[in-house]
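Undergrad: Here is what each chain is made of, one letter per residue.
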Amino acid sequence: MGRIKKKGTAGQAKNFITRTQAVRKLQISLPDFRKLCIWKGIYPREPRSKKKASKSSSASTTFYYTKDIQYLLHEPLLQKFREQKTLEKKISKALGRGDAHDASRLERNASRPEKTGRTKYTLDHVIRERYPTFIDALRDLDDCLSMLFLFANLPSTDTVPAKMIARCERLCLEFEHYLIVSNSLRKSFLSIKGIYYQATIQGQDILWLVPYRFNQRVTGDVDFRIMGTFVEFYQTLLGFVNFRLYTSVGLVYPPKFDKVRDDQGAELGAFSLEGNGVGAIEQPKQITNGENSKPDPKLQAEIDKLMSQLNQPEKEAEQEPQTSQTLAEGDEEEQPTDTIDKFEPAAPGGDILLQPSYSATDPSTLFSNFTFFLSRETPRQPLEFILKAFGCKRIGWDAVLGDGAYTHNELDPSITHQVVDRPPIQVDPEAAEQIEDNQTAQKLAPGSRVPGRIYVQPQWIWDSVNDEELKRPDLYGPGAQLPPHLSPFVKKVRGQYDPSAPLNEQDREDEELEADSDMEEDISGEDDMAVQQPKLLTAMEVDATAEGMDIAGSEDDESEEADVVNNEDDDFGGFSEAEDEDEDETADSALQRQRELEAELTGVALEDKVANPKADAKKKAAKRAKEEDEELERAKMMMSRKKRKILEKMVYSNKKKDGEAEALRAKRRKIEKSGKGAPRA
Amino acid sequence: MAPSAIDRKRKSVPAEHNETLETDIESEAEFGDGLLEGILSQSESEDSDEESNAEEESDEEEPELDALEALDSDEIPSEDSGSESEEPIGGLVKSNGTKTAVVALREKPLPDEEEEKPNYTVTTDANGGERYVYEEIDPVYDSDDSDAPITTNTIGDIPLSFYDSYPHIGYDINGKKIMRPAKGEALDALLDSIDIPKGWTGLTDPATGKPLNLSQDELEILRRIQTNEMPEEGYDPYPATVEYFTGIEEIMPLSAAPEPKRRFLPSKHEAKRVMKIVRAIREGRIMPYRPPGERQEEEEETHYDIWQDEVPRPDHIMNIPAPKIAPPGYDLSYNPPPEYLPTKAEKQAWETADPEDREKEYLPTSYGSLRKVPGYEKFINERFERSLDLYLAPRVRKNRLNIDPASLLPKLPRPEELKPFPTVCSTLFRGHEGRVRSLAIDPSGVWLASGGDDGTVRVWELLTGKQIWSAKIGDDEGVNVVRWRPGRDAVILSAAAGEDVYLLVPPIVDPETDAASRELLDKGFGHATNATQALTANGARKEPVAKWARPGSRLEDEGVLIKITLRTTVKVISWHRRGDFFSTVSPTAQKSAVAIHTLSKHLTQIPFRRLPGIAQTVQFHPSRPLFFVATQRTIRSYDLQKQELVKIIQPGARWISSFDIHPGGDNLIVGSYDRRLLWHDLDLSTRPYKTMRFHQKAIRAVKYHKGGFPLFADASDDGSLQIFHGKVVSDMMENAQIVPVKVLKGHRVKSNLGVLDIDWHPREPWCVSAGADGTCRLWC
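Chains as they are written, first to last, in this note's numbering: chain A, 1 to 681; chain B, 682 to 1461.
You may find that some hints are simply not true.
To be verified - Listed next, the in silico DSBU-like pairs over lysine-lysine satisfying Cα-Cα at most 35 Å (straight line):
1. B:Lys1005 - A:Lys55
2. B:Lys1059 - A:Lys649
3. B:Lys1079 - A:Lys25
4. A:Lys649 - B:Lys1005
5. B:Lys1005 - B:Lys1041
6. A:Lys471 - B:Lys1025
7. A:Lys626 - B:Lys1408
8. B:Lys1378 - A:Lys642
9. B:Lys1053 - A:Lys492
10. B:Lys1005 - A:Lys645
11. B:Lys1371 - B:Lys1431
12. A:Lys14 - B:Lys1079
13. B:Lys1041 - A:Lys673
14. B:Lys1041 - A:Lys51
15. A:Lys649 - B:Lys1371
16. A:Lys614 - A:Lys670
17. B:Lys1028 - A:Lys649
18. A:Lys657 - A:Lys492
Note that these hints are calculated values from the structure, not bench results. Model, not experiment: these values are computed from the prediction.
Please model the entire structure based on the sequences and the hints provided.
TA: Below you can see the structure in the form of structure tokens.
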């Protein structure tokens, strides 16, 4: 017999440590511990068995991985915290003695990051530790960018020093400059929360959210000390990332910053980039942490594409290469050769192979030939950024929007596109002429347009960017009702509702049928709606409905009868069997015979049996559904309880998703019927 | 200090009121004398009292009087001091003085005055020389206590307004009224207002109603405080120090210890520390002086390529990266497709819901134009929540099954492929009153016997549902069980009602078989009498465990031939396949729960002296000499030849209700009251091979089809039967395949009982069930 194992020395009991124990072990205060956790990326875990992990009887708390805490013990920052603590003690002691001179001398040594925005310590080693490769850092950049962009837009308070905000703003603008230079911005989306951007840098998709330029509402339940700790770390991270990115495209980091222009509101224009004379550093290969860490983004993109292809009908798949955009194009971009042979299926039926593809438009050239002018009411910063990121070199705007414009003159003849976001004003021509007479060079009469230029609303830019092609500007004219702005981030999944696809493509087989019958019931009184129906239905179905209306009454009775039979059957038998069908059929034939007899009596030739195909289909569908249900029930009986639970969960969630999609489809059907839907791009 | 506090309070009263007060006080001050006159005439003692009072008043009221006048005014006290009797009174009055500060301050100058005026008289002594006769020192109580409040208030701590309607305020020590200080008239007031006396504060002492004026000394103190001097005159803040230790070497030192070395050697430790600093300065580690401005300048953070020599490092196995924020969907758009906009009802539901209960934290809204989009209110909050999640939320790796749920379902053959099995109720057997407890189809498959709570045994024609024969065997007890004897040579039905087991030959068959059956039953009567009875320890005849007898002529006529009386109620009868033995179970009996009866010998034996637990049911093995006994939790199989325990089967059920053995003999199904149906493979394990829980209520009976179809069925209290396809493969390597094929519903549930018994047709895939609703049903 082996040694008796002592309890709590191995396994989960040893692997996990509660927060209190961790704090006690590190001998620091809770706020310091919090800081360390945030910077070092240490997070609580959920042990597989809480009971085994907690040594106390009380239902416990948060658990940390013991090894994490052990690594923390050697953290240089811990020493800094301790030094800071002793310094604070010395200062308070000096003040208590009334030794002001000594206190002020010590105070000079103390770091007051909340005042100066500068600390005694650096987080460089932490960044190196957390992100051993550059790709790792890029992978984790989402939260970093969202946070820094938010802080760049915050008002300064005593908890958020102005220096911190200024630094955030600079870092963000520097990052934007890189995106502009490298053309790595891919998608953007105007949401109600803010503007989402997605960039692809070295194959990593980075998605972040930038708030609209409004004063942020700061509520009391937000602890800015925690946010500040994050920001401190993220600033360091983005600084290093920016350095690496700039050097990779052969630029000097940090770029020159013109304080004067920045004060005039130039923002992006306040920076001047300069080459470092070395040129772009070729990244021979990306160093990643191996395949196990994450699915390969390229592979993922291809899978996505394949999925979308599968969802689309065959004929669309053929013209796929023009419309589809892949995320894997990044590496091909660098090759100068443009020609890739396209393999087109000669005959349908073969498997679809993945082909390397170019998108129709290079993101760097989408707007490169245009000159834009931004009207006063448009948001200048996001527009400037997105236009520049997609190749536009000349952007002018109204002088009130700040410095850094290509031109402030609205009448500049080189302007090809003007972005406006105001309702069209009806101006009577005489007044307009009058104004035209005495107008200055810079001003234009309200409501009047400069000929030869395209007026669009801002959404045109976003939609064009997301679809990687220039949209029809007439849909986006000033005052026009805009087509819906769709998120480019939603992956098309089979069975999910897709607002861009036509409705009849994505219906379930019998959904329309059901919807129609529902509608019929709804509008049985109204005749005019029946006229509208042909719009949606195919010709055959129209016939069917037309006929179906006549004999609807009798049909209903019959189906009810059938139902009754079914119900009776249910009483003594859970599962349906052939008898059901037989009974239905016999009932049908009896009815048929009855009709024939009646026809004979009246002497009228019986027209071919016009059994309502739709009702038939409906009945059949119902029967099929019932059979399937029973089959499922039977199969479920034979599953183990665990598996059954899993299945039920899956079925539940699938059903919920389907229900949502169905509700959306129903809504859309209704809207389309009423004919007041917005135009779809 | 109390007075100053009162002063402050006083000052807060409106200015108008102050002015009226002023005039009042002025007049009062002036009328101190007039008042005196009025009082003098009254009495001597009072007079002096008032006089001193008046003196004080005048002291307070005329602080401006110069020294001469002060001397004059002080004449009276000195005179008073001369009259010994009056002195204490004056002192007392003083001690009762209105205001502590005022009085204390006023007392101060007194010694000065005394200095000027000699407190002695010069007389000649007996020798003719000068002799100074000093006045006796008057040790008045707290005479030098300047701190204690000396109050002249005699009314106590009550508002002055209580005396408003009286001419006096309070009483003195002698019980005389202290008259109210007089109020002046308008002219006097006017006169007074012309020259405001020095020290005038314009306040009235609330305790005495007298005007509150500052004395000269008080004014002096105030002046000193104002000019930042010491308030006390003549206080030297910097007295010459009196040295405690002097540099002068004493001739006789206090200690004779020699001077320590450290006094005249430089400290090594200090030298070390200094050298450390010096070295640091030389090496440039510390700067001797750095201007503070420089500090701010140099802190431009430096950036470098931190990933210059990056080495991929596989993630720690326990590392769980934070999940990314989900990308925005269509409904988050500022201008979403119209189908994403909430309807009015949805909107209202969202608004009324608690913020925690909401599925989405936002409401899809269409703004139509970008300029109309407002700032998002919860932006900071959401980001804050996200950062909290990043460092505070416990992370756990969850495997998401991204598979089609259909792939989890076991592949079952379609029920159509497994036909035949009973599907519909074809015949209904009505006739029993009360529950039908038990039923059985005879081995030929023509008749159905049933027994119920009404005490009758009935025989029906199976296909038509016609009752052919019935006999009432239980008078007050129901028939618990009916079973046919196996074998086609005779038709014998066994039934149990109460403690009695009856063997019947229903008159339904041809006379030959009938006669054969009767003969078979009667054959054992000789054996029964011949059987040697066991003797108990004391030699007496042991009472037989069962009595085999004729049931009586009435029953005999009906076809009931033998009655076996046991000790307790019999619940189960189980026949051996050869038809010579049958076993009964009476669960309530302690020792004789299980009895084995031999038909040919009319012999009853008790095989088990003791059973672990209450016996539930028994079965003979279909081919081998094995005997299975089910107790509450386990089923034991015994070898009847070797008379030993072979196996204990543990289904794991709480309470076994019934079990049946597969005709092949290697499989077993067990039904339990805790709703489980368990399939045991006897070769495999003592634990169940499959557990099925498809009933809502207890399972009462389970039965295999014995005639070649791979079917079995169970009957439950929820009123349903479930038919299973259970194919046992002869190949040892393959497990039995069990497929549920049919749920038969039809019996009504009556007082929580549904279907009580079940039996299969010996050849056809039909089954019969006995219901608590008084019917039997044939399903085919």
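Undergrad: If a hint holds in the structure, say so; if it does not, say that too.
TA: Results of checking the hints against the structure:
1. Only pairs whose Cα atoms come within 35 Å are accepted, and Lys1005 (chain B) paired with Lys55 (chain A) is accepted, the gap being roughly 33 Å.
2. Distance restraint check for Lys1059 (chain B) and Lys649 (chain A): the Cα-Cα separation of roughly 32 Å lies within the 35 Å cut-off, and the hinted pair is therefore satisfied.
3. Distance restraint check for Lys1079 (chain B) and Lys25 (chain A): the Cα-Cα separation of roughly 30 Å lies within the 35 Å cut-off, and the hinted pair is therefore satisfied.
4. A threshold of 35 Å between alpha carbons decides the hint, and for Lys649 (chain A) with Lys1005 (chain B) the separation of about 24 Å falls inside it, so the pair holds.
5. With a C-alpha separation of about 17 Å, the suggested pairing of Lys1005 (chain B) with Lys1041 (chain B) holds against the 35 Å cut-off.
6. For the suggested pair Lys471 (chain A) and Lys1025 (chain B), the alpha carbons sit about 33 Å apart, so the restraint of at most 35 Å is met.
7. For the hint linking Lys626 (chain A) to Lys1408 (chain B), the alpha-carbon distance of about 27 Å falls within 35 Å, and the restraint holds.
8. Simply put, Lys1378 (chain B) and Lys642 (chain A) have alpha-carbon atoms about 22 Å apart, close enough for the 35 Å limit, and the pair holds.
9. At roughly 30 Å between alpha-carbon atoms, Lys1053 (chain B) and Lys492 (chain A) fall within 35 Å of each other, so this suggested pair holds.
10. Between Lys1005 (chain B) and Lys645 (chain A) the alpha-carbon distance is near 28 Å, which keeps this suggested pair within the 35 Å criterion.
11. Among the hinted pairs, Lys1371 (chain B) with Lys1431 (chain B) is consistent with the structure: their alpha-carbon atoms are about 30 Å apart, no more than 35 Å.
12. Restraint check for Lys14 (chain A) and Lys1079 (chain B): the C-alpha separation of about 22 Å stays at or below 35 Å, so the hint holds.
13. Taken as a hint, the Lys1041 (chain B) and Lys673 (chain A) pair is honoured in the structure, with Cα atoms around 28 Å apart against an allowance of 35 Å.
14. With a CA separation close to 34 Å, the supplied pair Lys1041 (chain B) and Lys51 (chain A) stays within the 35 Å bound.
15. Straight-line distance between C-alpha atoms of Lys649 (chain A) and Lys1371 (chain B) comes to about 24 Å, which keeps the hinted pair within the 35 Å bound.
16. In summary, the hint linking Lys614 (chain A) to Lys670 (chain A) is supported, as the alpha carbons are separated by about 21 Å, within the 35 Å threshold.
17. Distance hint between Lys1028 (chain B) and Lys649 (chain A) is fulfilled; the C-alpha atoms sit about 28 Å from each other, no more than 35 Å.
18. Only pairs whose Cα atoms come within 35 Å are accepted, and Lys657 (chain A) paired with Lys492 (chain A) is accepted, the gap being roughly 14 Å.
When held up to the earlier numbered hints, the structure conflicts with none and fits them all.
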